[in-house]
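As they're listed, the protein sequences go chains A and B. For what it's worth, the numbering used here labels the leading residue of the first sequence as 1, then goes sequentially. For what it's worth, the numbering used here labels the leading residue of the second sequence as 124, then goes sequentially.
Because the hints were derived from the structure by calculation, they are not lab data. Only a predicted model underlies this, so the values are computations on that prediction, with no experimental measurement involved. Be a bit skeptical, because a hint or two may be false.
Taking lysine-lysine and the BS3-like style, the derived pairs with C-alpha atoms no more than 27 Å apart in a straight line are [unchecked claim]:
1. A:Lys83 with B:Lys279
2. B:Lys149 with B:Lys198
3. B:Lys201 with A:Lys118
4. A:Lys35 with B:Lys503
5. A:Lys119 with B:Lys201
6. A:Lys17 with B:Lys279
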Amino acid sequence: MNREFVCIICPNSCQLKVEYEGKTIKKIIGAQCAKGEAFVKNEITNPLRVFTGSIKVIKGDFDLVSVKTPFPIPKKYLKNIGKLTHSLKIEAPVTIGQVVAKNLLRENIELVATRKAKKKNIS
Amino acid sequence: MLKEKEVIIIGGGAAGLAAAVACQEKGIKDILIIERNAFLGGILNQCIHDGFGLEKFSTSLTGPEYAQRYIDQVKEKKIPFLLNSMVINLNSRKEILIANRTGLQHYRAKVIILAMGCRERTRGAISIPGTRPAGIYTAGVAQELINLKNYMVGRKIVILGSGDIGMIMARRLTLEGAEVILVAEKLPYSSGLPRNINQCLYDFDIPLLLSHTVVDIKGNGRISEVTLAQLGKRGGIIPKSKRKVPCDTLLLSVGLIPENELSRQAEVVLSNITGGPEVDERGQTNVPGIFACGNVLQVHDIVDNVSLEAEYITEGVIDYLQGRSQEPREFQITLGAGLRYVVPQRILTLKNTIFSFRVNQPGIKKTLVFEEDRKIIKKKLFLRVNPAEMLRVKLSSEELKDVKRLKMRLV
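Working from the sequences, and respecting the hints, build out all of it.
Right, dumping it as structure tokens:
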């Protein structure tokens with residue numbers, strides 16, 4: 001089977017012409033680095049993406065902190081994780097890298113904060 | 124009272140922060156960053172998606188994480204900054220008037236670094252006819268509302284313009300539960316990076332309609348419908364192609380404009396093409412001691428290049444402060460076929476120089492040629508060129524030696 005892919009690993013956006021059969025890559029043309037092959041391997045078996053979004057902060061100097069999955073997760077879960085973030089909350093202070101949710105969708109998916117939130121000064 | 128500073132940086136976003144850290148590392152002690160927002164980091168704070176920092180930090184960061192790496196350095200190095208402070212005047216004597224909660228403050232600096240970034244083109248800039256309902260946002264404003272202010276902009280969304288922010292918002296809105304009906308792009312090719320078409324649109328089955336635009340907006344109170352039309356080869360509307368698309372929100376991602384009101388006040392000469400100052404090989408404008416970097420100089424597609432550019436121009440800042448000047452031999456760079464612009468626009472002194480440029484249209488296997496009269500100085504092959512991507516090529520001082528005229532073209 002022949003298919004074209006655009007590698008999303010870096011801004012080079014390499015356009016890859018790939019010949020593959022089942023889950024075996026036979027030939028890749030257009031990859032400027034080795035990451036292209038790993039990307040295609042995932043794309044034809046189990047496409048992976050990093051989820052990014054935001055959740056509510058309680059008593060924080062901002063209403064929201066941004067969050068991400070520390071590792072790429074299967075693409076099919078993205079929308080469901082998005083829905084779940086609507087009901088997640090974390091109390092300030094929050095630090096970058098702090099785990100704010102665990103085992104989402106019972107698939108061992110974690111979310112970590114990507115922004116700081118300080119406790120709001122109540123004066 | 125007029126307060127004196129060695130270097131004042133206007134803007135505490137990606138460019139300003141990197142410039143401040145680099146100045147300090149090069150030995151400048153008396154620096155001040157002026158930021159109009161309540162926090163440092165600029166637009167990075169609302170860019171919560173990942174993909175930043177691949178070049179600079181060899182890892183994929185979100186915008187806030189990328190900003191924090193620089194904010195931490197600014198704080199560690201104890202570089203002073205003012206928040207909630209708006210520069211309301213700048214003149215060519217490098218005097219600055221700031222308004223903030225304490226009132227008005229006057230400063231004068233030996234060097235000013237312009238790092239004010241850019242802003243978005245609006246509906247007014249592209250003159251879409253129709254009524255004037257609520258529900259029309261620029262993509263960046265929608266991004267700020269959703270990612271920082273916890274305010275959802277709409278449920279049924281049409282996006283005009285395929286710039287990166289528009290595509291990133293298409294994904295973001297989808298993940299927040301909205302329906303993104305389509306992205307329309309006036310040009311026959313996308314104005315964003317191919318990876319974003321893939322991971323922001325195709326991943327969620329959002330159609331990208333090339334050579335399409337919005338020709339009418341309807342809505343009473345709130346937007347209820349847009350009229351979409353296809354454009355012919357010469358850019359005219361094909362009347363038969365008009366169709367109505369019901370929606371409650373229209374997002375515009377139709378280009379960015381460097382924010383140069385202050386530069387104009389200081390009599391800095393601007394380029395008609397980039398919208399930013401015309402500069403020499405280290406970002407110095409026509410006003411000695413005023414430098415520019417980041418999106419106020421030229422709109423970048425990748426933040427890593429903003430940081431690199433900000434660091435790079437500080438070499439010129441040091442030279443200026445130390446009064447180091449080689450024999451100036453000013454000449455302008457001329458552009459031939461295939462190129463939209465180049466920064467720097469002129470060369471003043473002999474240094475290793477990075478040329479940042481954009482092409483006019485997409486192409487494959489194009490060669491960039493630097494030449495003096497007919498003599499070729501350097502050639503560089505690009506497998507693929509795309510107007511959405513800023514390209515960079517370096518010429519060494521050895522290659523530039525004895526050059527008195529420089530022409531760049533794409534073949």
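How the hints compare with the structure:
no.: 1; hint: A:Lys83 with B:Lys279; verdict: 17 Å, holds
no.: 2; hint: B:Lys149 with B:Lys198; verdict: 17 Å, holds
no.: 3; hint: B:Lys201 with A:Lys118; verdict: 20 Å, holds
no.: 4; hint: A:Lys35 with B:Lys503; verdict: 24 Å, holds
no.: 5; hint: A:Lys119 with B:Lys201; verdict: 23 Å, holds
no.: 6; hint: A:Lys17 with B:Lys279; verdict: 35 Å, violated
Of the numbered hints stated above, the single one contradicted by the structure is hint 6.
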